[in-house]
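Visitor: Chain residues, written in single-letter form:
Number of protein chains: 4
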Amino acid sequence: MYNFKNDYSEGAHPRILNKLIETNLVQQLGYGEDEYAHEAKAILKTRLNHPDAIIHFVSGGTQTNLLVISFLLRVHEAVISAKTGHIAANETGAIEATGHKVITAETTDGKLRPEDIAKVLAEYALAPHVVKPRIVYISNSTEIGTIYTLEELKALFLYCQSHQLLLYLDGARLGHALTAENNDLTLAALSQFTDIFYIGGTKNGALLGEAIIFNRPELAVDFEYAIKQKGAMLAKGRILSIQFLELFKDDLYFDLARRANTLAMSIASAVQAKGYTFLTQPTTNQLFPILPKKVIERLSLNYQFYIWKNIDSDYAAIRLITSWATDEEKVSAFIRDLQEA
Amino acid sequence: MYNFKNDYSEGAHPRILNKLIETNLVQQLGYGEDEYAHEAKAILKTRLNHPDAIIHFVSGGTQTNLLVISFLLRVHEAVISAKTGHIAANETGAIEATGHKVITAETTDGKLRPEDIAKVLAEYALAPHVVKPRIVYISNSTEIGTIYTLEELKALFLYCQSHQLLLYLDGARLGHALTAENNDLTLAALSQFTDIFYIGGTKNGALLGEAIIFNRPELAVDFEYAIKQKGAMLAKGRILSIQFLELFKDDLYFDLARRANTLAMSIASAVQAKGYTFLTQPTTNQLFPILPKKVIERLSLNYQFYIWKNIDSDYAAIRLITSWATDEEKVSAFIRDLQEA
Amino acid sequence: MYNFKNDYSEGAHPRILNKLIETNLVQQLGYGEDEYAHEAKAILKTRLNHPDAIIHFVSGGTQTNLLVISFLLRVHEAVISAKTGHIAANETGAIEATGHKVITAETTDGKLRPEDIAKVLAEYALAPHVVKPRIVYISNSTEIGTIYTLEELKALFLYCQSHQLLLYLDGARLGHALTAENNDLTLAALSQFTDIFYIGGTKNGALLGEAIIFNRPELAVDFEYAIKQKGAMLAKGRILSIQFLELFKDDLYFDLARRANTLAMSIASAVQAKGYTFLTQPTTNQLFPILPKKVIERLSLNYQFYIWKNIDSDYAAIRLITSWATDEEKVSAFIRDLQEA
Amino acid sequence: MYNFKNDYSEGAHPRILNKLIETNLVQQLGYGEDEYAHEAKAILKTRLNHPDAIIHFVSGGTQTNLLVISFLLRVHEAVISAKTGHIAANETGAIEATGHKVITAETTDGKLRPEDIAKVLAEYALAPHVVKPRIVYISNSTEIGTIYTLEELKALFLYCQSHQLLLYLDGARLGHALTAENNDLTLAALSQFTDIFYIGGTKNGALLGEAIIFNRPELAVDFEYAIKQKGAMLAKGRILSIQFLELFKDDLYFDLARRANTLAMSIASAVQAKGYTFLTQPTTNQLFPILPKKVIERLSLNYQFYIWKNIDSDYAAIRLITSWATDEEKVSAFIRDLQEA
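Protein chains in written order, with the numbering used here: chain A, 823 to 1163; chain B, 823 to 1163; chain C, 823 to 1163; chain D, 823 to 1163.
Worth flagging that the hints you see were computed from the coordinates, not collected in a lab.
Computed from a predicted structure; not experimentally measured.
It is possible that some hints are incorrect.
Since the list can't tell identical chains apart, any single copy or any two copies may satisfy a pair.
Capping the alpha-carbon separation at 30 Å, the derived lysine-lysine pairs in BS3-like fashion look like this [unchecked claim]: (1) Lys1115 x Lys841; (2) Lys941 x Lys1071; (3) Lys954 x Lys827; (4) Lys1152 x Lys1115; (5) Lys941 x Lys905; (6) Lys976 x Lys941; (7) Lys941 x Lys1131; (8) Lys1096 x Lys841; (9) Lys827 x Lys976; (10) Lys954 x Lys1152; (11) Lys954 x Lys941.
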């Protein structure tokens, strides 16, 4: 059985493990004050083309989301998310547990546009009997594999700015978005057209770790307190910074993501060649092909994946995910099995 | 400069890193469902002599404390801690941030005894105008290096049981407690005489990781939800379980802690030989010698450590910590420098 | 201008004010321990036909909802509500502010049925990545004026019981529901077929006050702590209990509600006579007639009410509310103006 | 039995009840938008000599404290209180339930001074491992009957201002403080030398109600949302505003408080005449005489009061409270009984 369920089935890219070994006995300050953190942040700021950005490293995506959102909201404020957004759909009420409502908007492709936000603002106009929307949360790539274009992000950011809303981008799979074929965004553009975003490491080759970027330094003041308070400050913060140092000292981060995308696209081509369609347009390392249930059954004998959504009595959509670690031979085998099924 | 500030200045014990490399490309389920987790839990249950214990692995101590305490308390309930307890003194209001008061008790040695709890219960009798104490939080070894005896733990546990209180033990430095010279506690005894406790990995050779032990399985029902909600569920849970597997498959965990204690005791002997005293009795890998300020100044030229407490115009207490990774030659050098100072 | 905007535009029924004056200088214990509280609870228990019910009086509806729900839920649990439910639509994230998600279900009439709950349970099956539904929140009468039948309530309660869900009924306008023409529920039936509910005083003649009924006494243990903690325990609790004593010592509570309903029905008849329709079936003291905008404009010259929903370019729905205090002559005048408009 | 336990044993001053009756059927907007609110606020602003102050009325003291403090603090910030402060001692963890630590300072007289705050700031210097103190909470009169002088308040406020701390004054018994014999504070002075304070109605003649004063309008922006969210926004807000209108349209508020103080002082004189001492200096309507236990026992036959603190085997301190409603004859009788005891 080979696992296409997700992009965190293996450990870390070997270069990361080697770097951990290489630095292992060098004494460092704890709690994020290690020298590797300073180095990694310097490199990232260059990539962001934003020397004043404030950067923090934490362990995971849900942790990042609850940290950032609860830190920036006042008691009566809320966050807007697509209904498919991770904070709305898959984080066990993490945001609500910090005291804030997640307002959801229906979308077809997992992306929020100014008109979605406008609709929410209209529905939440009866102050003070409703919460006050304050943050717009988006994901890139989204939870259903789609990506934002530069134009889309810019339009959304401008709308947010003109409505006193903060734009926060969840980059759990940012690498896959930025290396997609039709992508025209860069780290520097993200730094320019969001207020806060994070660069996901866990799903792109790190053992664990996400880099939170505050593009407006004034929003980050005192954020260290929150990191500690929510249990997100690792004593050995070096574990996180060393990984980001390795991922970004050259193009490893992008190379790993591109590889995952390429493998996904080869599967997507095979799906299309067989005449099957997709729930959402194949773009990054998450595919949602709609297959005959008999085919799904056959593939299930050798591969693990999620049955994502029932379509009708004969068809269902499945989710296939590739990663930096996906075995090319298994991809070829999967394609063969699909062709034969 | 050599760093005696803490026991998390280096990475991980080499055996742990090797194990991470060895298992790196084996596909595993995410979110704590990996095979290593099952293996590690089985080994720990044997050590605990408690086949029904429920075990979960998370990243750090503050995270563990806030997870366990907020999961077990109802809205009106509170936790009792020594004033020096980590949740009271060093976690940025992490418990209060989940909605609960931390009631503190003054102690001389960082340990809670039935009479301390009795005093709190008397002070918190005016229901419903005060919170209802429900959990007693203790640390072993304590934040000031002392340890509990079997008799002390038993007495406290019996008191808790007869007063509908849960006893929760923070084992961030449990290894050091259990390998101290005058210790008579075991993992099995802890499993018998506490309701919940955790075994700290971060401060004893792991990259990160703590093992939470619910001795009463009924208390652990649904705890996975809380782990996810608080951002503590790692996608690659294997990182935590592999480390505990390695630490407990033989006596590595205890060997590392014993080594730290031994080095600390050699420093302690040198301190005593010079006629200096201690803030608390040297027992584990945390020492609090009271030294002339001039001596402290001299030592500061070559070593990093915390000035813990001013005693008078001439003397102050410092904190020295040794670990599994402490360089023996640096310990010898420190002793020499102390003798000459 | 006469106000049909709501049922809390005036003070209290004169009998209540008289009772406050009559008892004014009798010394009483504070914080809900007054003799009137004991008396009022005894009367209510008789009405509920439930001598073991536990009853508490608090000030308002949002306060009641957040108190009950936050007290009964554990950190990872959530409440299900119709999208029109007050906790979802009109309480400024009060439930989320206590740490819990409100899961909403779309309905056409503001009422939840077992199939709505079943759908939510199916959507929230992926434990532990989603919250755990635990309370079903309904309102009677609903926020759009409809009511539950005995059969509907029973079916929902049985469904809840078989799925480990608590059923909680918001009775802000319970009097109006129980005195509606087609109603077949009683206080005793509510006590039998819900786990917790509250009897609203504020919108039916009291200055302020709601009576919370725990039908299962074990759920109410320690609830006083929560009342105090959330700032809902009045020093002069007598203010609340005296009012409920007066409302329920005979049938005042029901008489006042019936009067409001009767006046609403006379307006409803006039609306129907003119050939207009309603957004929801006129049943209690809240009416949602769909009127030509020109008619609305004309009526707005003499009456205050909410424009509830735009229907199309010519029509809109308005909300009219009558109460115990509504002036009959103003109702007649309104009907006349409507007929002439 | 006559009750000296507290100042909320009776209803409201007759003038207040009369005003409620007089205005009873006048239709008003709900949720604090009634005309009486505008009138009452205008009067109060004149008294405060602060036309820009922002004023809100809510039901009780604990509610006020949790509303103000949770609204003004960010997640990592904390409030400092005397250990005897109501938020620390008597509110069932209401502040912690909103996510914030209450840092306590030991005092002998219930009052905080700059040096107390300085000590706390020194103890909470190890950012980000500790919370960040942000609000200083004081009470006037304090929970043990003492009062602040103008000089003391000014010194504390200046200290707060120079340390980025907000000064918040709990005025549950503010009337009694401002009418004490040795008082030199005024409402205008409070408005000048605090950031926020509240004027307590419940303990000085109102049925219920406290007036929250934001002296810095920018701090009050959006506060209505919080009032609604915490369940503190009464549908019939008129109940609160009408009472404050009546209490402040002339000097009723002060007259009632002065009367309570005068009666307390007559008891205090009798206590002193018998040679007994006090736990704290008799100043306002709360007395803490230290009496022989035999005397206490004798008095307990006819009067209710709290045994406050055991002194030794022969003596204990009791708490006696007088109010606007205290029966003068009962005071005389108490004094007689004391003299004879």
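Visitor: A separate judgement is required for each hint: does it hold in the structure or not?
Guide: Against the structure, the hints come out as follows:
1. Taking the shortest alpha-carbon separations for lysine 1115 and lysine 841, neither the intra-copy value of 45 Å nor the inter-copy value of 40 Å comes in at or below 30 Å.
2. In the homo-oligomer, the alpha carbons of lysine 941 and lysine 1071 never lie at most 30 Å apart, since the shortest distance is 43 Å inside one protomer and 46 Å across protomers.
3. In this homomeric assembly, lysine 954 and lysine 827 come within 30 Å of each other (Cα to Cα) only across copies, at 24 Å, whereas the closest approach inside a single copy is 37 Å.
4. When the C-alpha separation of lysine 1152 and lysine 1115 is checked against a cutoff of 30 Å, the pair qualifies only within one copy, where the shortest distance is 21 Å, while the shortest distance between copies is 66 Å.
5. In this assembly of identical chains, the alpha carbons of lysine 941 and lysine 905 lie at most 30 Å apart whether taken from the same copy (14 Å) or from different copies (16 Å).
6. In this homomeric assembly, lysine 976 and lysine 941 come within 30 Å of each other (Cα to Cα) only inside a single copy, at 19 Å, whereas the closest approach across copies is 37 Å.
7. In the homo-oligomer, the alpha carbons of lysine 941 and lysine 1131 lie at most 30 Å apart both inside one protomer (27 Å) and across protomers (15 Å), since each shortest distance falls under that limit.
8. With identical chains, the CA atoms of lysine 1096 and lysine 841 are never at most 30 Å apart, being 44 Å at best within one copy and 43 Å at best between copies.
9. In this assembly of identical chains, lysine 827 and lysine 976 lie within 30 Å of each other by CA distance neither inside one copy nor across copies; the values are 33 Å within and 43 Å between.
10. Taking identical chains as interchangeable, the C-alpha atoms of lysine 954 and lysine 1152 are never at most 30 Å apart, the minima being 49 Å within one chain and 37 Å between chains.
11. Taking identical chains as interchangeable, the C-alpha atoms of lysine 954 and lysine 941 lie at most 30 Å apart whether they share a chain (14 Å) or sit on different chains (29 Å).
When each numbered hint is compared with the structure, violations occur for hints 1, 2, 8, 9 and 10.
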